[in-house]
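Residue numbers (this note's numbering), protein chains in the order written: chain C, 1 to 208; chain R, 1 to 208.
The list treats identical chains as interchangeable, and a pair is accepted whether it falls inside one copy or across any two copies.
List time: in silico DMTMM-like cross-link candidates among lysine to aspartate or glutamate, alpha-carbon distance up to 20 Å: (1) Lys146 with Glu157; (2) Lys197 with Glu96; (3) Lys197 with Glu169; (4) Lys60 with Asp46; (5) Lys197 with Asp165; (6) Lys197 with Glu139; (7) Lys146 with Glu169; (8) Lys55 with Glu19; (9) Lys161 with Glu147; (10) Lys49 with Asp24; (11) Lys117 with Glu128; (12) Lys117 with Asp78; (13) Lys79 with Asp24; (14) Lys79 with Glu142; (15) Lys55 with Asp24; (16) Lys117 with Asp189; (17) Lys49 with Glu31; (18) Lys146 with Asp90.
Source of the hints: derived by calculation from the structure; they are not laboratory data.
2 protein chains.
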Amino acid sequence: MSTIDSSPPPAAGQRGPLEHDVRDQIVTAAEAHFSRFGYGKTTVADLAKAIGFSKAYIYKFFDSKQAIGQAICVQCLDKVLAAGEAGIADGRTASEKLRRFFNGIVATSAELFFQDKLLYDIAAHSAEERWPSALAYLERSEALLKEIILLGRETGEFERKTPIDEVCEAILLVMQSFMNPLMLRHNLDDLPDAPTKAINLVLRSLAP
Amino acid sequence: MSTIDSSPPPAAGQRGPLEHDVRDQIVTAAEAHFSRFGYGKTTVADLAKAIGFSKAYIYKFFDSKQAIGQAICVQCLDKVLAAGEAGIADGRTASEKLRRFFNGIVATSAELFFQDKLLYDIAAHSAEERWPSALAYLERSEALLKEIILLGRETGEFERKTPIDEVCEAILLVMQSFMNPLMLRHNLDDLPDAPTKAINLVLRSLAP
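Looking at chain C on its own, in the form it has when it is part of the complex (with noise of 0.2 Å):
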């Protein structure tokens, strides 16, 4: 048996969690300072000017200012997603999961985004530059959607005739207004009467 071992020395194994503590603090601060002067007005230089951080040392856990901005827009889309998934939880029949699945959506959106300019600021970035972090939030919550379409057709509450796909779709179609940063901007006063609206609509064009 050799003594040279691949493994790294314990001294190293603190690197990933200190990484992730070091990560973590770059998120907090950037938070805080993109929330005093904006997402689009601050580059990585006033970033670390703010923080105390060279530049160099930043560029170490983050390519660019868009991967800062990434980071905290998947902590936010996480817990509009989390509500979308406590929805789906809670409701009992197939029509009930989606109908608390989008309500869990467009409040928790409602209340991070638009709550502070901050966050709208990033997810204004992340939707208009198609961001994998917006990509990835959108594929999950069509993968859901697609899971309660399902269960519909199971227990005869939805429709089969449409093609699975095309269902999907176009309710997230519908449902963007007020799931799209961008767009739920402009719904913010028809909150939360408009979507319920959208939501009945949908569940009237998935009756069998």
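Given the coordinates of chain C, assemble chain R onto it according to the supplied hints.
Chain R only, in chain C's frame:
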């Protein structure tokens, strides 16, 4: 009989048409000026200077810059509605009328508001600030939509259980992603497929 007549003298009879001509001249010049410099950034003083009129003379015809913007907006929205109405006339069944109504509106909106940055700029102000021209357009759209739904209920194409106003409101909510220039802007890459999918969903929701 008195020779003093309260009706305007023949020369003044020209006032209406003459005023109309000057108004048109201001609107045309404003359109050209806005298209170069943007609606938001232009003041009535800039406009007066560019057209070669005094500011006071422009104010004889329009109360404000917004009133000029509205005149341009009304022209555009009339074209959009005309395309929708042509769609209604072309469709044989209520379903076809509904489909062609929205296709006409969406295609003409995309053409008018996005081939020309100027018109988008004004349309965005109009939608964001809820100008009377935008509200009148929405009311007219809703009235046309209601006629189609009532027809479809009469012919037995559409369900009759849901209150008609709820149906119309919900359909307009769904279609706003493609009708409201502020939202259509984010959907241009997905024309004409996305609105077609949305209309298909709407038609499924109307099934008896």
